[in-house]
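Heads up: the sequence lines are chains A and B, in that order.
Using this note's numbering, read the first sequence as starting at 1131 and increasing by one per residue.
Using this note's numbering, read the second sequence as starting at 14 and increasing by one per residue.
Think of the hints as simulated: they come from the structure by calculation, not from any bench.
Check each hint, because a few of them may be wrong.
As a list, the in silico SDA-like pairs of lysine to any residue whose alpha-carbon atoms are at most 25 Å apart [to be verified]:
1. A/Lys1220 with A/Trp1204
2. B/Lys124 with A/Gly1188
3. B/Lys124 with A/Phe1310
4. A/Lys1282 with B/Glu163
5. A/Lys1242 with B/Arg67
6. B/Lys124 with A/Asp1303
7. A/Lys1206 with A/Asp1257
8. A/Lys1242 with B/Ala151
9. B/Lys124 with A/Gly1296
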Amino acid sequence: MDADREIVFLDSSVLISCGRRGSGRFQALAREAKQRDVVFRISPQVYAEVSGETAIDGYESSDLAVDEALREGWLKVTESPSYSISEVSKIMDQSRRFIATASDRPEDIVEKADTEIIGLSLQMLIDGTADQVTVVTNDIPLGQATEALIPKYGFAADQVAWLTGGDLAPELDEDFVPEFE
Amino acid sequence: MSTKGADWNTPLDTGGEAFELLRNARKAWIYTYIRHNTDTTIDDVVDSLEIPQRTAYDYINDLESAGFIEQSNEGRPARYAAREIDLQLVQDDVQRQITPALIEAIARREKDGDIDTYIERHGLDGLAVALEYAREYADGSVTHRIMAREQEISSLEAGIILDALRPVVEE
Chain A
1131 MDADREIVFL DSSVLISCGR RGSGRFQALA REAKQRDVVF RISPQVYAEV
1181 SGETAIDGYE SSDLAVDEAL REGWLKVTES PSYSISEVSK IMDQSRRFIA
1231 TASDRPEDIV EKADTEIIGL SLQMLIDGTA DQVTVVTNDI PLGQATEALI
1281 PKYGFAADQV AWLTGGDLAP ELDEDFVPEF E
Chain B
14 MSTKGADWNT PLDTGGEAFE LLRNARKAWI YTYIRHNTDT TIDDVVDSLE
64 IPQRTAYDYI NDLESAGFIE QSNEGRPARY AAREIDLQLV QDDVQRQITP
114 ALIEAIARRE KDGDIDTYIE RHGLDGLAVA LEYAREYADG SVTHRIMARE
164 QEISSLEAGI ILDALRPVVE E
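Just chain A, with the same shape it has in the complex:
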């Protein structure tokens, strides 16, 4: 499988975690993208969550280096999913239910941003943009839904992967501030 056929989605949970540990973590992401020879992608909803406009006064880490990453070219924002593709709409509904069940919550509490990442992942496998999709998120129900649902659409389990930030690049978990030890 060619490396350039892999698509990697970053979730906001990972970008926020990197932001909290200074610019070095974004550089680590940039290095990882280069090593994999891919451009990391974020969905429109994720971009809305983490772009400069959403920065909150007072938080040291609310001003993330996302716009800089977009300028540098190792990160890009995708289009919204094509809801006209029936499998895409269907998997987004299923992921809403999956996450709601995992969280013991009503379905309407599940954010579109969660389901959008899974919908886009399936879409890119279906339309042949990618042979393999990796979703990088620290949100466990989202990662589990990705791995559980996409193979049901006729794709092999190894064509879809969920990684946490620390799985993607171990240095993202370094300095995980065990202040008291």
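On the provided structure of chain A, position chain B as indicated by the hints.
Chain B alone, transformed into the frame defined by chain A:
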């Protein structure tokens, strides 16, 4: 405890004398440091927290008088060990729990500006609620977006506080 349906309308900040530990991040830090490093001396605390020795003496005396820590040796220098805290605060039929994890979360505001900001915006109650979400987050039963919706904060803010509290719940 599940975060679902929890009622946090009564502020933690209105507790009595024992809640000094919740208001004073440095005291919370010292308690937490001693809890993680048993047989700690005052010099260890001074080095770790970078505070004047006199302040460290005063705070350690306060913590000892309140029964949160105890001397673990008989000689000099004195060494200290932490006692486990599990205080129930009942106020207007609402029950609150003061645990070492909550005290550690407060202690971390001393060196983590994001936790400090979260407390300024949402109070100690908000922090206690966030800590429950952080537990569920680590267990894999909630996403940062679900916390954002349920607490009516932005996803960014939920992500920031969950990440900040990860070390507290992942011990």
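Okay, the hints, checked on the actual structure:
1. A/Lys1220 with A/Trp1204: violated, 30 Å
2. B/Lys124 with A/Gly1188: holds, 15 Å
3. B/Lys124 with A/Phe1310: holds, 12 Å
4. A/Lys1282 with B/Glu163: With Cα atoms ~31 Å apart, lysine 1282 of chain A and glutamate 163 of chain B exceed 25 Å; violated.
5. A/Lys1242 with B/Arg67: violated, 54 Å
6. B/Lys124 with A/Asp1303: holds, 18 Å
7. A/Lys1206 with A/Asp1257: At roughly 19 Å apart (the allowed maximum being 25 Å), aspartate 1257 of chain A and lysine 1206 of chain A satisfy the hint.
8. A/Lys1242 with B/Ala151: At roughly 22 Å apart (the allowed maximum being 25 Å), alanine 151 of chain B and lysine 1242 of chain A satisfy the hint.
9. B/Lys124 with A/Gly1296: Holds: lysine 124 of chain B and glycine 1296 of chain A sit about 23 Å apart, inside 25 Å.
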